[in-house]
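Visitor: Spelled out, the chains give:
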Amino acid sequence: MQLEYFQMIDRVVEIDVGARRIRVVCTVPQQSTVFEGHFPGYPLMPGVLLIECMAQTTGWLISVLGGFVAMPILAGVKEAKFRSPVFPGNLLEFEGHVQHEGSGYAIGQCAGRHDGKVVCEADLTYRIMPYPTPQFRQVLFDWAERIDIAVKEFAK
Amino acid sequence: MSSTFDKVADIIAETCDIPRENIKPESHAINDLEIDSLDFLDIAFAIDKTFGIKLPLEQWTQEVNDGKATTDQYFVLRNLSEQIDKLVAAKGA
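So the protein lines, in turn, are chains A and B. The letter at position 50 of the first sequence is residue 50 when you use this note's numbering, and the numbering goes up by one with no holes. The letter at position 27 of the second sequence is residue 1027 when you use this note's numbering, and the numbering goes up by one with no holes.
Hints were generated in silico from the structure; no laboratory data involved. One thing to keep in mind: the hints can contain errors.
Stated by the list, open to error - Once the Cα atoms are required to be at most 25 Å apart in a straight line, the calculated SDA-like pairs of lysine to any residue come out as:
| id | chain 1 | residue 1 | chain 2 | residue 2 |
| --- | --- | --- | --- | --- |
| 1 | A | Lys81 | A | Glu145 |
| 2 | A | Lys78 | A | His38 |
| 3 | B | Lys1007 | B | Glu1026 |
| 4 | B | Lys1054 | A | Ser103 |
| 5 | A | Lys156 | B | Glu1026 |
| 6 | A | Lys78 | B | Glu1058 |
| 7 | A | Lys156 | B | Gln1062 |
| 8 | A | Lys117 | A | Val12 |
| 9 | B | Lys1049 | A | Ala111 |
| 10 | B | Lys1007 | B | Leu1087 |
| 11 | B | Lys1091 | A | Arg20 |
| 12 | B | Lys1054 | A | Gly66 |
Unchecked claim - Part of the chain B face toward chain A, derived, beta carbon under 7 Å:
| id | residue |
| --- | --- |
| 13 | Asp1048 |
| 14 | Lys1054 |
| 15 | Pro1056 |
| 16 | Leu1057 |
| 17 | Glu1058 |
What the hints assert, rightly or not - Label-pair ranges, simulated between beta-carbon atoms:
| id | chain 1 | residue 1 | chain 2 | residue 2 | range |
| --- | --- | --- | --- | --- | --- |
| 18 | A | Ala80 | B | Gln1073 | 52 to 60 Å |
| 19 | A | Lys156 | B | Ile1030 | 26 to 34 Å |
| 20 | A | Leu74 | B | Asp1085 | 51 to 59 Å |
| 21 | A | Asp115 | B | Ile1030 | 45 to 53 Å |
| 22 | B | Leu1038 | A | Gly89 | 31 to 39 Å |
| 23 | B | Val1088 | A | Glu153 | 47 to 55 Å |
| 24 | B | Asp1072 | A | Asp148 | 47 to 55 Å |
| 25 | B | Leu1038 | A | Pro85 | 43 to 51 Å |
| 26 | A | Ala80 | B | Asn1022 | 28 to 36 Å |
| 27 | B | Leu1038 | A | Lys117 | 26 to 34 Å |
These numbers come from a predicted model, not from an experiment. Here a beta-carbon is modelled for each residue, glycine too, at the ideal position from N, C-alpha and C.
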């Protein structure tokens, strides 16, 4: 996890296309400039960044299910809950699910766990938009491969 | 049994917090009820779920952008309800 670069997911552990589920893992870094402000002397993973973790987790699943022909853009967050504090060094597991793939949008959920206990959860709405450029699509392909998504297997 | 329009109107009232009595068959979702595109995604999701269909929003948007259709054809609620009925019928065919 590199908070400053919004690289929230370290590795995709499992994608179940039939069940429309994804499981990913990441470790909150021990050091980050984010923790210099949030908070001085008491580093705590910001809730907004846990939302980003959840958005990326289910977002990658939407990309996979859609064959990487368009990109999901986070459009709405509902029922976001942060049940326990998350600290530097915590190993997190996120499980995302796509509930509905509509025309130009998708609805999903995600939950994050630490030591098997739910630390955050949210309902997520995405718009599905064309990639702005072919080059940007390639950037996302490269990113997906770095976190162990078999892009060639899923891309249409 | 409630009509398609009644179901759509109930969805809009609940999703967008619009008084049910203000939602009429001749209401335009965007121009009259001032529903924005993000709220319309919630409505589309509820409609998709309720009727077991997939509203072709991308196709409709493309047709409007290309000048091949007007927003009235898809977003006046009477017309939207007719579109839903057609999609439901096509699904059952």
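Visitor: Are the Cα atoms of A:Lys78 and B:Glu1058 separated by 25 Å or less?
Guide: Holds - the C-alpha atoms of B:Glu1058 and A:Lys78 are around 24 Å apart, at most 25 Å.
Visitor: For the hint on B:Pro1056, does the least C-beta distance to chain A fall short of 7 Å?
Guide: Status holds, d = 5 Å.
Visitor: Within 26 to 34 Å: is that where the Cβ-Cβ distance between A:Lys156 and B:Ile1030 falls?
Guide: 32 Å, holds
Visitor: State, for the Cβ atoms of A:Ala80 and B:Asn1022, whether the hinted interval 28 to 36 Å holds or is violated.
Guide: Since A:Ala80 and B:Asn1022 have Cβ atoms about 30 Å apart, the given range 28 to 36 Å holds.
Visitor: For the hint on B:Asp1048, just tell me whether its beta-carbon gets within less than 7 Å of chain A.
Guide: Holds, because the Cβ-Cβ distance from B:Asp1048 to chain A comes to roughly 6 Å (cut-off 7 Å).
Visitor: For the pair supplied as a hint, B:Lys1007 and B:Glu1026, is the alpha-carbon distance within the 25 Å limit?
Guide: 15 Å, holds
Visitor: Verify the interface restraint on B:Glu1058: the C-beta must sit less than 7 Å from at least one C-beta of chain A.
Guide: 4 Å, holds
Visitor: Tell me if the straight-line CA distance from B:Lys1054 to A:Gly66 falls inside 25 Å.
Guide: 15 Å, holds
Visitor: Using the beta carbons of B:Leu1038 and A:Pro85, state whether their distance is inside 43 to 51 Å or not.
Guide: 31 Å, violated
Visitor: Is the gap between the beta carbons of B:Asp1072 and A:Asp148 within 47 to 55 Å?
Guide: 48 Å, holds
Visitor: Is B:Lys1049 close enough to A:Ala111, meaning Cα to Cα at most 25 Å?
Guide: Measuring from Cα to Cα gives roughly 23 Å; hence the hint holds.
Visitor: Tell me if the interface restraint on B:Lys1054 is satisfied: Cβ within less than 7 Å of some Cβ in chain A.
Guide: 6 Å, holds
The structure is inconsistent with the numbered hints 1, 5, 18, 20, 23 and 25, although it conforms to all the rest.
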